[in-house]
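A.B. asks: For reference, the chains in residue letters:
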Amino acid sequence: MNKSIKIILSVCCICICTYFIYTANIPKKPSEVTIIYIPKSQDITNDFWTTLIDGANMSAQEHNLNLTIFSPEHEADYEEQNKLIKKAADMKPDALVISPISYTESTEIIKEIKQDYHIPIILVDAIISEHIEDSLVSSDNYSAGKAMGEFAKNYIDDNSKIAIVSHVPNTSTAIARETGFREGLGEHEKKILETVYSYSDFETAYDVTIDLLTRYPDLSLIAGLNEYSAVGAGNAVKDLGLTNKVKIVGFDNSISAIRLLEEGIFPCIMIQKPFNMGYLGIEAAYQITQGKKIEKFIDSGTELITREYMYTREGQQSLFAFLKN
Amino acid sequence: MKKLHFFSKHKQTNYFHNFKSIHTAMLFSFSMIIIAALMIFLLISLNYTRKAIIQNSTGYTSQLVKQVNADIDSYIQYMRNISMMLTTNTDVSEYLFTAHTDPAEEQMHHDAIIEQFHTLCLARPDICNIGIYRSNERYIFNYNNSKINENINFSLLDWYQKTLQSQGATYLSSSHVQNIVDNSYNWVITLSSTLKNPHTSAREGILFIDLNYSSIRNLCENINLGKKGYVFILDKNGDIVYHPKQQLIYSNLETECIDEIQQLNENNNSFIDSDSDGKKLYTASTSKQTGWTIVGVAYLQELNLNEKQTQILYILTALFLFFNAMIISNFLSKAITQPIRTLQNSMNKVEKGDFEQALVPETAKNEIGALSNSFNLMTLQIQSLIAQNIEEQRLKRKSELKALQSQIKPHFLYNTLDSIIWMAEAEANKDVVLMTSSLAKLLRQSISNDNELVPIRGEIEYTKSYLTIQQMRYKDTLDFKINVDNEILDYTIVKLTLQPLVENAIYHGIKFKEHMGTVRIGGSIMGEDIIITISDNGIGMNSEQLKHIFDNKHKSSSSGVGINNIQERLQLYYGERYGLIFESYENNGTTVYVRIPANNTETFNLYTKEENNNE
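From first to last, the protein sequence lines are chains A and B. Take any residue in the first sequence, note its place counting from 1, add 119, and you have its number in this note's numbering. Take any residue in the second sequence, note its place counting from 1, add 1, and you have its number in this note's numbering.
Pulled out of the complex, with its shape left as it was, chain B reads as follows (with noise of 0.2 Å):
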């Protein structure tokens, strides 16, 4: 159980994975969460119209078939009247069952009948025969001298026998042919009673009249049950009195689910059967005076014309909602995943090292903004980390140099205090002079300014100290030469740039030459920076020594600053795209150019304030 419900929420997460974005993932799950919800809608209520349909028209039918019903009732009461009223006929009795000894009197009774008959058949075409019997002797068929059938014996007749049974009740029969009348044989329904002998009160002749289907069939197609709808009757044992299509039922060509209809009662009194012609709707309504039941036909498909203009308008509804579903989630899941995709541009930035855009407004409450929160408090976090990182390199290295700086001093201030020695033992006194001044402003210089950077002017002054030194001492194997703008003199520059490179160029270029060996300084202004250019004309590099002259170990022997400590320097304070250049080609020189903003106010107050802050 536990495995499997790891597998399904593996799976699950999977599922997610297949789409590229958060908000494809979300649409598409939201269009099929709608698609369902519109679909089992969608299902649930044309089921519900239709059953709604279906009700009304079983309603309608109903009350049509329960008219139907009445009016036979009462077509059958107005038939069984006449037939009453023949009964209580004295002509008929007398007729039948008074021996005459008058024949003209007999003819008279006969005669009355014969008009009676006469002016019914007249009034009511429904009426096929009618006729009173007591035997085949004593008979009166219709008012045309109408003959029995003498083939037919009257006493088997089903019609006949009930009748009898029926006890002076009126007899309604189901539809039969009538064979009674010689040479005639008619579908009818016969409507029958006894009659009662007045001399021995026992009933021994018979009324009978037979309906033909003409006013039962103008009953039944008198109401609307649309194009095809009909109605037809069946009696108590389910055979039909009469239907539309009865020869087509009677030939077996068509059938009528009888057995379903007579299960039906009257709480239950309609179901639907379908066939070839489509759904059809049984309605009945059974009638207690004549035991007929009376059965409406409807189709539904006529019945539920309008079924399609309510399914199409349901679909466009549907659809119509689907599309303003789709826009408004199109639109929630993209306000949804919004914040996220902010967060996410923000990473890749953060991920390229700009943080000053990385940071994320703060728009919501939920969980994207706890987690914008986060991130926002993380980059900045990281952000004074790397602050902080450059600041701890920064101090560093000026640690270093203010230690590389005071490093220098002891064995240069020996070997010049020696050389002074050596000079005064000699009696030089100018050079002695000199030697010392130059020295005296050497070491002022460099213990007068706590600052890291100092102007043009000083750093050269400096430089020509250290140089003027240097001749006294190399006489007669080194000269300089200074030739600065004066435009550039009260730009600053990182202190102690210029004298190790000097120093450089007199011990690695000029020391190994055989002649003089001249150090030229220059310096102007280009364009937006000023390029100091220290140049010598030793003994110069070689392609491969010039690639290497940044690292670490190459170094100054005597005052210990390495070139790449001042390309470091220089580029620590002015940026990557300032520091040294190396110009130099084998046994004809090297020329070092310094490049530094001439712009340098900003820079030199950062600085400045940056180092009071950290005091």
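The shape of chain A in the complex, shown without the other chains (with noise of 0.2 Å):
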């Protein structure tokens, strides 16, 4: 009879068991998780940071995160940016997500967090001088840069002669762009006359422009390597009526730049892909509080839009991706 028991109770375990084993992949639900994101500004006149932080919040919604956003006014204001960095390890999030205006100013800071507070460190967009983040989403700048020069080769003859307009000297999105230019112009390189700064300001960067071709009257090509410093610089040579003996190959992706982009003054156009990027920082924070592994390098993206490639369905689908419908 004892034994007739075990039998019984023996059984019912393996059932029991069975149960248990084919209802423990249900996977679990993710947990309130709280997220904070520093871009390097809100200004809303300006569609890349605008677009990004849209990728951030539809992450953010996606995966039903609280996402805090706190941003600096002025896109150059390193030391507002500290402060706000500060303030949001503060608050003790799950995890951090920046875009740090500079590439030194703000590693001290950064680096203190993540040993007090130990928070996880995404950064979006651009780097500081230390690797200390457990993450970088950020388009592949160098590359970009690189297919911008060599697509630049086909505007440039004996006779050409270059310029740059960079945005902040020191940062690395400029530094690695300005590489990558230089490397895909390769021989063409030399043609190169100055490089001048914006600032991130399109006013600054017209009038650096205007500048720039009173100096050198016979100027052909120009590179504005963020937003404000290509449209700018476009705006600059439209004005001055010189459309047809400036071209300008130009970085990221605004009305402005597509408007520029139709009326020829931009042969081409090296787009990033702010939504993803947003997205995909976001996305990346979260993992991490999930406990998965991500990469240390998460590449958003980039596209070369020429004027002739802008209209195509593929086309629209890049170019326009950070319009809402």
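Hints in this document: simulated from the structure, not taken from any laboratory. Note that CB positions come from ideal geometry on N, CA and C, so glycine has one too. Be careful, since some hints might not be right.
Below are the DSS-like pairs computed for lysine-lysine, each with C-alpha atoms no more than 30 Å apart in a straight line [as the list claims (entries may be wrong)]:
1. B:K353 to B:K397
2. B:K229 to B:K148
3. B:K335 to A:K125
4. B:K280 to A:K411
5. B:K289 to B:K229
6. B:K228 to A:K415
7. B:K281 to A:K411
8. B:K246 to B:K228
9. A:K233 to A:K202
10. A:K125 to B:K21
11. B:K21 to B:K353
12. A:K412 to B:K246
13. B:K228 to B:K309
14. B:K229 to A:K412
15. B:K281 to A:K412
16. B:K366 to B:K353
17. B:K309 to A:K411
18. A:K411 to B:K228
Simulated restraints, written as ranges between beta carbons of each label pair [claimed, not checked]:
19. A:D277 to B:D183: 35 to 41 Å
20. A:S129 to B:L44: 18 to 24 Å
21. B:A170 to A:Y335: 53 to 59 Å
22. A:T223 to B:K163: 53 to 59 Å
23. A:T362 to B:R135: 24 to 30 Å
24. A:S129 to B:N57: 36 to 42 Å
From these two lone chains plus the hints, build me the complex, please.
C.D. replies: Next up, the structure:
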């Protein structure tokens, strides 16, 4: 009799175990996760940052995360950004996502936060002088610059003169793009006369371009290394009536850039995927909070859009993805 | 093959031998079979339920998707009607195709069109752009004086070319960025038709209405496909017209399995795809009017909310059935093995020689019943064989005894008669008389009674006669004293018990004594037994002799009736606990205790009865 009870009990155990194994593969619901994102700016006239923040919000919405965004007033104000980083860290979020303005000036505080608060750090779009981040989500700026340089060769002949309007000196993106662009030009690199800086401001970009064109009347190609630089330079060229003489290879996507592309002042623009950047940045932060391993570098992608390509179906999807419908 | 078969059979036997009882083996086998059956049943029913749920969901979503399709068709039809209304509008053709000399008249047509566009745009917020176009110089876009985008070559636009090709019918574009209006870039769906020049009958102008997604989004979001479920629209080429996560799709952050959707048709309008979010049910419906395919996506997890409950219910039912089945099979296997166990118990009893209780009650008519029957028959047969054997032994002893009884007489008779002759010659008349009368008594007693059992009185008399004769023969060396309680005299004793013992005492004890020897016979009741003692003061026996007293060869020389013969007979008649006990000390005489039951009437009866039967 004892034996039969044992048999019945063991059979029951088997049944119960089978049931638990059967039900164990139901995935866990993600817990409420708090993430803070600190972009370079939240300028509503800047399509890059608004689109990037859209992407971040979309990702937060998809996963039902609590996303808070603190941003400095101006894209060059790293001191304010450092204050915001400190403030965000004091709120003890599950992950901190930052797009650092300065390559060097925010390294110290981010390092400090990482050591004292043990908050995972995700960098989006730009890097800092030390590789202490858990993951970096950005365009491959060097490759993008290089592709831009290679495309620019089409508009270069022996007499061409080239200038670069970059954004902020010593920012990681400016350095990488310029290096890539010079690499892409190859032997034409020596035709570069000067690099000037727009400090991420349309007017400054406009002014320095006017100045450039005044100093070098035979300039035939300008590379604008971000939206402010490219659009500012484009407007200057347009206003000086040099449309047919000076070509501009632009960087970043915006309505103004698209118009300049339509007008033919830009033969091409190199677009980043700010929406993807924001989306993947928050996604990476979420994955880290879920204890998953993620790549050290996540390429959000870039695409060279020429005038001919812009209104194909694929071109529209890439170029106008930021538009809300 | 044969070998293999043998092997497996052998193995199977071993498997069942591992269990200590058939009951356990049966229970184990039953439980295995029940589990297998329940598992199969469980899997089939769970699978079937899931399929049924999916089928229901498919039916449900395809109905919803068809509803959306119909709604979108009627929405597009409504917009077509607006466009038809405008194409036949005289203001439009007047403004586009008639060269007016009077600017005021031209302005009047222009204003009328603007007015109409304004009304339409106010009434329909889903109209993003509305416009008529003949050339870059003659066009009206919207009501707020929108300019044409000078950088765009109108004739290269895909939807413009398609509209011209469509021969007056309304053309419905897929989603695209509308770039013809200056400084405006919107994702729209364009509905366009050509305008006929009434003067030349050529199709020279175009009317277009750009629809934003607000109405389509409303129509698509209006249906309930669960919390996460959604609807999206594909055009004929498989390009996405509308998707709630259009930005994610365009950014390649999300993809839809468009190839599989395009393979669907009216009969087979759904499939299941799984990604990280779980299984998704795609249901498609293609509109003949627009050529668009409406795709509904539902998450199975949400549709099958009660699937878990069903699973628990099934598993609980299975457990309940299993328990009941186990209890019943426990009961059944017990019931089946019960007769076998009874049989086993009976066999154990038989092994121990307990035949009386070994019989198995007949319960079943099956194999075990037959086995029980055979067992009972066998047991009875063995029992009767044993009884028969005992009886045969008894008869054998009896005949042996009878032979012995008849044997002793002649030698003793001769000796006695010799003594009588001798005494007669010596003219000792009195002694002759005594001896002869004793001999006569002896003879009479031995021939008169055929019964095995005689009263103790008779046995004592017989022994006394014998002792009298022996005393006369050995006048100076033998004396005897009989002192028996009167109350035992009426009990019975096996015939010829005491005399051989007395004879033994004389020939083995007193005979070797130099002086006078005395034989004493005593008898009394002790509890339920009668003890008769025969003691002599002869030479006695040492312990070695005493040990072998019952050996067969130790025989009384004259009578031939051995001690062991007496012992056997007594035990045969009365049982193991009765018989002879010897007490002897070397040179100090021997005492024999004869122990028989005091209540021997029954034994006597049984004995006589059995004897009668045997006769």
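A.B. asks: Need the list of violated hint numbers for this structure, in ascending order.
C.D. replies: Structure breaks hints 2 and 6.
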